[in-house]
Amino acid sequence: MTLPRGAAALLLGLPGTLVAQNVAEVQVAPPSITVKVGERSGLLATAFDRVGNVIPTVRVFWSSNNIQIARVDNNGTVTGVANGVAIIEARVGSRKGTAAVQVVGGTGPPPPPPDGGQQVTQTPPGTPPSDGSLVGQPPGTGVATVLRLEPPTIYLLPSENVRAAPRALKDDGSAAAPVVVTWRSLRPDIASVDQNGVVVALASGQGTVQITTGSGLTATAPVVVQQTDFVFREQAPITLGPGEADTVRVVVPAQNGRIINPLALQWTSSDPSVARVSLTGVLTAVAPGKATVSVSGLLQAKSIDVVVHRPVELLAVRPKWQDEVLVPIQGTVKFEAQALAADRTPVADAPLQWSLADTSLASFDAASGVLAGRKAGKTQLVVKGPGQGLIVTWTVRVLAASVRLSAARLGLPLNRRYTLKGNYVDSAGAVIGLATALTWASDNPQLVAVADDGIITAVSYGRAQIVATAPGGKRATADVVVQGEIVVASSRSGRFQLYAAERSNLAQLRKITQDTAIATEPAFSPDGSRIAYSSHRHIYLMDADGTNVTRLTNAPATDGRAQFTPDGNAVVFQSDRTARSQIFLQPLSAAEPTQLTQEPAVNSQPTISPDGETIAFVSSRDAGTNVWLMSKDGSNQRAFTKSTPGVRNIEPHFLRDGSLAYLLETKQGGRTLTQVVKADLATGKVTPLTGTDLVISAFALSPSGDLLGLVVNVQGGGKPFYRVYIQPIGTGGAAVPLPTTGAEQMMTPAFMP
68 MTLPRGAAAL
78 LLGLPGTLVA
88 QNVAEVQVAP
98 PSITVKVGER
108 SGLLATAFDR
118 VGNVIPTVRV
128 FWSSNNIQIA
138 RVDNNGTVTG
148 VANGVAIIEA
158 RVGSRKGTAA
168 VQVVGGTGPP
178 PPPPDGGQQV
188 TQTPPGTPPS
198 DGSLVGQPPG
208 TGVATVLRLE
218 PPTIYLLPSE
228 NVRAAPRALK
238 DDGSAAAPVV
248 VTWRSLRPDI
258 ASVDQNGVVV
268 ALASGQGTVQ
278 ITTGSGLTAT
288 APVVVQQTDF
298 VFREQAPITL
308 GPGEADTVRV
318 VVPAQNGRII
328 NPLALQWTSS
338 DPSVARVSLT
348 GVLTAVAPGK
358 ATVSVSGLLQ
368 AKSIDVVVHR
378 PVELLAVRPK
388 WQDEVLVPIQ
398 GTVKFEAQAL
408 AADRTPVADA
418 PLQWSLADTS
428 LASFDAASGV
438 LAGRKAGKTQ
448 LVVKGPGQGL
458 IVTWTVRVLA
468 ASVRLSAARL
478 GLPLNRRYTL
488 KGNYVDSAGA
498 VIGLATALTW
508 ASDNPQLVAV
518 ADDGIITAVS
528 YGRAQIVATA
538 PGGKRATADV
548 VVQGEIVVAS
558 SRSGRFQLYA
568 AERSNLAQLR
578 KITQDTAIAT
588 EPAFSPDGSR
598 IAYSSHRHIY
608 LMDADGTNVT
618 RLTNAPATDG
628 RAQFTPDGNA
638 VVFQSDRTAR
648 SQIFLQPLSA
658 AEPTQLTQEP
668 AVNSQPTISP
678 DGETIAFVSS
688 RDAGTNVWLM
698 SKDGSNQRAF
708 TKSTPGVRNI
718 EPHFLRDGSL
728 AYLLETKQGG
738 RTLTQVVKAD
748 LATGKVTPLT
758 GTDLVISAFA
768 LSPSGDLLGL
778 VVNVQGGGKP
788 FYRVYIQPIG
798 TGGAAVPLPT
808 TGAEQMMTPA
818 FMP
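Following this note's numbering, the numbering of the sequence shown begins with 68 at its first residue and continues without gaps.
Do not take every clue at face value.
Here are the simulated BS3-like pairs of lysine-lysine, each with C-alpha atoms no more than 27 angstroms apart in a straight line [stated by the list, open to error]:
#1 Lys488 - Lys387
#2 Lys734 - Lys786
#3 Lys357 - Lys488
#4 Lys401 - Lys488
#5 Lys745 - Lys709
#6 Lys357 - Lys401
#7 Lys401 - Lys451
#8 Lys734 - Lys752
#9 Lys709 - Lys699
Derived CB-CB ranges, DEER-like [said to hold, decoys possible]:
#10 Pro413 - Val803: 37 to 45 angstroms
#11 Ser656 - Lys442: 14 to 22 angstroms
#12 Asp520 - Leu366: 30 to 38 angstroms
#13 Val318 - Lys442: 49 to 57 angstroms
#14 Lys387 - Arg723: 18 to 26 angstroms
#15 Lys442 - Asp238: 47 to 55 angstroms
#16 Asp256 - Ser282: 47 to 55 angstroms
#17 Val318 - Gln532: 16 to 24 angstroms
#18 Val104 - Thr208: 43 to 51 angstroms
#19 Asp519 - Asn615: 28 to 36 angstroms
No lab work stands behind these hints: they were computed from the structure.
Backbone N, C-alpha and C fix where the C-beta goes; we use that ideal spot for every residue, glycine too.
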């Protein structure tokens with residue numbers, strides 16, 4: 068049946084019909100074969116379009132460059148004729164593919180021309196040769212005076228072939244008019260060459276290819292044939308996302324890493340449903356999974372793993388890319404990026420590509436994600452994920468910075484460890500990053516030792532300075548005082564002075580204060596390096612080892628019961644500098660305090676919460692003695708405990724967890740019962756910490772909340788006589804008194820943080 072004009076074209080759009088495609092490449096498989104004289108072997112030619120699709124409906128024209136060595140029919144069947152090598156060509160339109168055929172087991176081919184070469188048929192001037200011998204030569208004008216061969220050195224594996232190209236040049240190095248040349252192999256046992264410049268490696272060794280023009284110009288190129296391994300240029304595994312494609316290259320490391328023509332190899336995928344590979348090495352990811360791509364040819368076989376990850380929708384990064392990232396010179400910042408799928412789950416095998424714009428300002432290690440500053444300036448760090456738009460850019464500023472330690476002053480009890488950390492700070496004192504690679508040293512390691520990671524250990528009583536030095540020479544120091552964990556006021560020397568002991572050795576008291584004045588009511592600073600105490604109606608400050616004593620308050624009144632604020636920069640205390648005792652706040656750097664409570668009530672015994680926002684105190688308001696709360700500036704004063712006849716709530720102390728302990732004093736049957744309790748500020752729920760068997764007049768809590776220091780009136784009536792007991796909390800352990808001698812009394816215990 069004859070179709071009307073246009074009907075055939077319409078059929079191309081019907082399901083199951085083929086749309087015409089342009090041939091971009093022709094491959095012949097296998098790329099090289101060996102046959103005996105008279106033996107037959109088949110070759111297969113495949114045409115591909117530009118995206119690697121096979122074009123099945125093409126007509127292939129077969130030819131042999133030397134029918135005296137091997138012939139080929141229209142079906143690609145090769146017949147060996149005589150010893151030697153022939154190049155079989157499969158042509159589809161202007162595209163062609165080739166295979167090398169080595170024939171063995173018979174007599175040799177007819178003798179070559181007298182010079183051993185193959186003379187290309189001469190043509191009239193200006194007429195291009197019909198055999199394609201000028202193909203590959205660059206266009207030019209004028210007479211050639213110099214002849215060159217490209218590549219200048221030909222590297223091959225045994226049975227591999229490559230096409231060399233002549234270059235006709237003028238004296239100034241520009242291209243001359245293309246010339247017809249005679250090709251000749253000076254070592255035909257190593258490599259052969261045909262009239263089109265196709266060089267075929269026959270055996271290991273070194274040969275030479277020579278070209279000569281009719282005017283006598285000559286050029287040569289060495290041919291190095293090595294039996295050596297080829298490898299994949301890509302690192303294993305090759306990771307792609309569905310729909311992504313990549314070209315896999317096979318290279319020869321021993322031959323300057325040259326790339327082998329993929330048409331000389333056979334390519335296969337272990338699982339085409341995961342990843343496909345074309346005959347030119349184009350790898351296309353199909354669906355998530357794992358596969359293996361194998362390549363064989365030239366007497367070798369290699370394989371490489373392929374991972375196809377789930378599609379990536381976004382990147383989760385740290386730090387925030389919107390913020391400028393500050394890093395000091397010699398300092399480091401860690402960057403993190405994670406590929407996430409649509410369901411926000413990590414895609415662990417998705418590849419990420421990192422790049423740093425200016426490596427003179429900083430260095431970046433993609434494996435660890437650590438960027439290190441080198442010199443001051445601004446640069447950019449970029450991470451790219453698989454897929455369109457998956458890119459994050461950070462602006463990084465490298466600064467000349469100083470080092471600051473996590474503690475400039477520190478008090479530690481014996482055998483306690485503490486980890487010092489260093490930070491880089493800018494000129495305004497703002498932290499810009501963790502200081503790494505610090506070098507640590509102690510000026511008195513017999514008292515305070517320091518390890519390479521900044522962990523210090525209190526070895527013996529005394530003080531030492533810890534020095535941290537950053538790369539580049541920036542230094543920071545921390546003064547460390549080693550003192551007893553428990554400090555009490557004792558009358559051992561005739562009048563009350565401050566002494567220290569360890570919980571592990573309560574009998575070993577060490578005197579801290581050295582003057583003859585009375586010293587009571589000690590309170591440690593939050594870092595444990597200082598002690599505030601009361602003496603002669605004033606509040607004094609000293610280092611925890613008793614040195615550097617200074618007076619803080621100066622009013623002609625009785626000041627006492629000082630407690631440090633959590634930042635260590637001020638104290639709250641009680642004073643009768645007005646008609647009745649009130650609560651005051653005094654910064655260590657100020658000359659005068661701020662009054663927080665007002666008359667007519669008596670307000671005393673202040674303590675401040677761990678967050679520094681709330682002050683608890685005892686007030687005589689509402690015809691009772693109760694614990695009250697107020698904000699740090701004295702506002703929002705309110706009762707925490709209720710007034711009850713015969714009940715006094717005194718001695719408040721905040722615990723590290725924000726709860727509040729206080730002393731509950733109750734009159735029952737003519738007896739006074741005392742008990743330390745703990746209350747939750749939010750719910751008011753009360754939990755007892757002690758029994759009622761001891762007559763407790765005051766107490767202190769260890770910062771961790773595991774020990775109580777109880778001030779007990781051991782006489783119970785009449786003139787009081789005070790001792791200090793140490794009692795574990797929550798273990799059921801009995802209260803143990805600090806040993807005393809004779810008429811020695813103890814009171815006002817305090818615990819080092």
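Hints, verified against the model:
About 24 angstroms separates the Cα atoms of lysine 488 and lysine 387, which keeps this hinted pair within 27 angstroms; it holds. A threshold of 27 angstroms between alpha carbons decides the hint, and for lysine 734 with lysine 786 the separation of about 19 angstroms falls inside it, so the pair holds. Restraint check for lysine 357 and lysine 488: the C-alpha separation of about 45 angstroms exceeds 27 angstroms, so the hint is violated. A distance of roughly 17 angstroms separates the Cα atoms of lysine 401 and lysine 488; the hinted pair therefore holds under the 27 angstroms criterion.
The hinted pair formed by lysine 745 and lysine 709 meets the criterion: a straight-line CA distance of about 15 angstroms does not exceed 27 angstroms. A C-alpha spacing of about 31 angstroms is found between lysine 357 and lysine 401, which places the hinted pair above 27 angstroms, so the restraint is violated. Restraint check for lysine 401 and lysine 451: the C-alpha separation of about 17 angstroms stays at or below 27 angstroms, so the hint holds. The hinted pair formed by lysine 734 and lysine 752 meets the criterion: a straight-line CA distance of about 22 angstroms does not exceed 27 angstroms.
Pair hint lysine 709 plus lysine 699 holds up; C-alpha atoms about 22 angstroms apart against a cutoff of 27 angstroms. Taken as a hint, the range 37 to 45 angstroms is violated for the pair proline 413 and valine 803, whose Cβ atoms sit roughly 55 angstroms apart. At about 38 angstroms, the CB distance of serine 656 to lysine 442 disagrees with the hint of 14 to 22 angstroms. A hinted range of 30 to 38 angstroms for the beta carbons of aspartate 520 and leucine 366 is inconsistent with their spacing of about 56 angstroms.
Here the CB-CB span from valine 318 to lysine 442 is close to 38 angstroms, at odds with the stated 49 to 57 angstroms. Take lysine 387 and arginine 723: their Cβ atoms lie about 32 angstroms apart, and the range 18 to 26 angstroms is violated. For the pair lysine 442 and aspartate 238, the beta carbons lie near 50 angstroms from each other, so the given range of 47 to 55 angstroms is met. Separation of aspartate 256 from serine 282 is about 30 angstroms and departs from the stated range, judged on CB atoms against 47 to 55 angstroms.
Taken as a hint, the range 16 to 24 angstroms is violated for the pair valine 318 and glutamine 532, whose Cβ atoms sit roughly 59 angstroms apart. Between valine 104 and threonine 208, the C-beta spacing of about 47 angstroms keeps the proposed range 43 to 51 angstroms intact. At about 31 angstroms, the CB distance of aspartate 519 to asparagine 615 agrees with the hint of 28 to 36 angstroms.
Going down the numbered hints, you'll see the structure goes against 3, 6, 10, 11, 12, 13, 14, 16, 17, while the others check out.
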